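Given the coordinates of chain A, assemble chain B onto it according to the supplied hints.
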Amino acid sequence: MKKFWALFFFFWPTVAIIVCVIAPSRGWWFPGAPMSRTGIQIDGLFYLILIIVTVTFVATQYVLGYALWRGATKDPGEKAFFSHGSHKLEIIWTIVPSFILVFISLSQLDVLAEIRVISKFPEKSTKVAEVKARQFEWRIRYPKIGTELTTEENPGDLYFVNELHVPTGKPVIINLRTQDVQHAFFSPQLRVKQDAVPGLVIPIWFDVLEVGTYDLVCAELCGWGHYKMKARIVAQSQSSVDKYLTQLTADQNADGTKSEAVKSGE
Amino acid sequence: MSLTPSLKLLTLAGLLSLVTAISGCTDSAFESSFVYSQGTLSLMREARDGTKENLGVKRLLDDRFGNPQHLKAWGEMPIDFGGALTTVVEIKELPRGRKVIKLTVEEGQTLPAKAANLKFVTGGFAGAGLHVDEWNSETGEATVTASESLTISASDICAVDGGTVLTAGRMLYMRHCSHCHGTSGDGNGPTARYMTPKPRDYRNGVFKFKSTNDMSKVSRNDLSRIVKYGIPGTYMPSFLLLKDEDHHAIIEYVRFLALRGEYERKLVAELSSDFSEKAYKSRINASEKKEDIQKELEEFLAGDLKQSAKTLGADLAEIWAAADTEEAAIVPSVAREPDTPVSRRRGRELFLSKTLNCADCHGIDGAGNGPQTIAFAKNPLKADELYNEPGLHDDWDNLNQPRNLQLGMYRGGRRPIDLFSRIYGGIKGSAMPSFKTTPHEDIWHIVNYVLSIPFETDPGATGIAPSVAPESLVAPAAVTVPAAN
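Chains as they are written, first to last, in this note's numbering: chain A, 9 to 274; chain B, 93 to 577.
So here's chain B without its partners, still in its complex pose:
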């Protein structure tokens, strides 16, 4: 019996599909690495990579945060890495190489309900892990199997299921977020180039839509709302259907990336004025000696930077942890003013007033076409240089025009408190300033007016006469447009 050619082809195709099915799915799809910021790369080589005696920025960063395959849980950071830190109380030997390790947590904390592995932080077994066969969450007794004698002693510190949240967060982040926000959270994933507005670069530690005071960081609750409900008007979709624990893991991982980026920036800031490639060149031009600069850098790395590496972490931890406290939250002192025509009229007057001057950016009709949108703004990064295109720019150097309030699309949420927070706290990273000195009643009037803009028959038509003489309202500022370059 001879197979016909078509049957042979079929068999071959079948075999091939089997082979691809087996080889297609490996963990290598997730292999990735964190990139260093432009700031780090602009430093002198010795500052970047370190010298024989001292660590450079790259190592300082990697020692604390690791890379995607080996994430490090730097205990100082206010991140829920997952699992619990415990202390060994005693070890009991059982027959056939089984051992019971009794663990305890600090007062006020609880032992996890489930435990799969132990990882030792201190003591003779530090850095090594053990698989847990049986776990008793009430007594804290973990039964393990180990043939050799273990060099564990009482009062060793041991992480139970340490880092589970962070690693889960990384897997979810790589699946759902990284193609836009990038592996390192630099907002530069493969799909980012097709997007306007650009995906957020977390590495400044700056997030726009938050319910905390203007000087505070973003809270976990704010990040959770963004992940769950998305940002209309941008490419950020809703991830509502993920589980709560997945939301939590993603948020902790985003905080991890933000903290890593911010830590890196702060380290670079310590070095950049004196030890960047550019500074080095100008110092050489100013006839400083190469050896002197390198000696100075060596001293700086050994002294100041080593010291900063410690204190910077503590500083960051403090401000990030503070964002989740009650003190940071924006809480209006008065309830929302009733949404009446009188309130809206008052809101419109404030919107146009010289003191608040909302119309300067958002336009007198709220269409996002105020005079500032056609003015050439100064580029803060390049002294005395204007941007090439007119309009407002954000901290990430992208053109970021004021919102068109007629569309009824509210990126940071449409609840009155969301709009109140945008006005009271400003929008960090954008040109929207904080109006925290404005009385809360007035902010509510503006909120009422802004919420009514999409439904106005005519711009500013509230059906009642204004209470303020028109001349005290702002006149659209004259804008001088430089000649096209």
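Here chain A stands alone, though its shape is the one from the complex:
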């Protein structure tokens, strides 16, 4: 029975090693590869912390297992070694983890600043749209073609819901707001997550690396319909986005006369 517990504590770090080895090839960590530049950096930080934590976990578990195994197999007459109250040991296990924690907090500062601090935003980024969350949908407002996005609505702004079109390969800024309660803008594939806070306009930036359709979900429990508050981010070339916005302008100005109806196929 004593040996069982020793083996039990040897078993878990072994499982951890196996999982760590096979997880990347099975795609267990993430919802696909990161699809934005900051996403790659965030994944890097994740792996850094994962390695530190795994090494610590595996090492301490094996030490624990070894100690139990020694206890289980020692001579009944052998005297135990008493180490309680060792100042030297206590200093070591305080200083080593604090160095690790300081290292982690310092190493992520750059990435955090790049994502969150407005003065560190990429210089050549464009404000593409305002995303206004409300229970339980995402309302999108693009500026009129050829104008800048502002906090206030302007005549000719383009409106849509639950579908955000952004150009790929360049940094874009979204103005995030909420109409009612707190929501969170979360795109798992782009590794973008930001709370929308009532009364605030929060700019967020990202650059999408590849053309595709990505999820936009709410990541802050906002009410009974939270689970179905889902939209899609359509990332496409700048020319496709322009074409989309031109079509949206035409749709939004539809006056329903016959010629118009024939054109838009309604």
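Mixed in with the good hints, there may be bad ones.
To be verified - Here are a few chain B residues that face chain A, going by a calculated C-beta distance under 7 angstroms:
no.	residue
1	Gly322
2	Leu333
3	Arg428
These aren't lab readings, by the way, just hints derived from the structure by calculation.
On a predicted model such as this, the values are computed, not experimentally measured, just so you know.
For every residue, glycine included, the Cβ atom is placed at its ideal position computed from N, Cα and C.
Quick look at chain B alone, frame taken from chain A:
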């Protein structure tokens, strides 16, 4: 080896979670029933439940629409129930109990690309179904396996995959819509009580935001826009991410519920004046004999109501089908007037004019605070009685104040044609009337003005002088407010 207590607990928790995972998901979560309207429930028991010889309202309704577990596809209704109605041409026997049934559709229709089951409508096999093993959509040949000999003969009518759209619609409706709009479409689901404005009660067959003439029903395209894009300013969210076929199924199911509700209302309307509980009591008080009333009801159920049950369906089908035709659609005769300060100024003058009098409800600044919003309106359901709270009310008896046009929030869509339709066709069920006699150019001027209201620096500031003398514009009506009750 003895397990420690904590390990035992862990095992127990593991087992429990397994049991809940297995028992948690059953179809019973969707079991539900349609409710009858207040109108039906206010009828005499015999009118409601029927007598020995004749059917009452409940049975007439259930026979045509069924209940959520067994929906009925009443062929007369203009609803895409799914699948195709076919006629049996011939049956060929194959070895080992396999049979080939050759089916054909009416000219102009096509056979479905896929088919999983056949359901017979007429003939010796009526009411029964068969699973299709193989389906050839070009020849219409369905291969089935049946050990006994089938009592199917040529010219029997058979539905191929019948009702698939309707049942799919029900599943989607129950998942996405019913918690607000209710299982029966009565706008009274569990979450409805927390909402202002209230979710739509479909059973009047009335929908507010439509692009059809004031007397027409809502079109499929209008319902589709609402489902896809939601209604800003209300709790109706967008369901854009559902598939097109899902949108279609939901819309057909909503039409099904609306038609069921409207059919029920019309049946009740035939009976309510003479055979409601209330009418019965007053007739007894007027010293009519109980037996006479019951005899009269029996005759009415056997004659008039039986007849109406048939014609009402045809009438409803006609008006609902007409909503999707070109004749019903609102098409402005002229293109939108260019959105200039002159046009907006003209729009504002019309907005304030005595003839159109938009300001009476929407206020002189378009803030939705016109005199009517503080007047006590008459309750149409209770003769000569005023509502308890001031303001305008809708057909569903809810307080429904005019839109604040300064917010730039347009429930029925923000396209110029949407606003044109709201003005030209009115908003059915609300106090917004139809202005179909107003020249289309004038409506466009108003649309231009209304779209500019959220961006005005000062109310009515268009930067140019008015073209109409101020005295010909409407003066805010004096409102007498009754003493608080």
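Verification of the supplied hints:
Restraint check, Gly322/B versus chain A: the minimum CB separation of about 6 angstroms is within 7 angstroms; hint holds. Here the hint on Leu333/B is kept, as its CB sits about 6 angstroms from the closest CB of chain A, short of 7 angstroms. Annotation: interface hint on Arg428/B holds; nearest CB of chain A at approximately 4 angstroms, less than 7 angstroms.
Taken one by one, the earlier hints all hold for this structure without exception.
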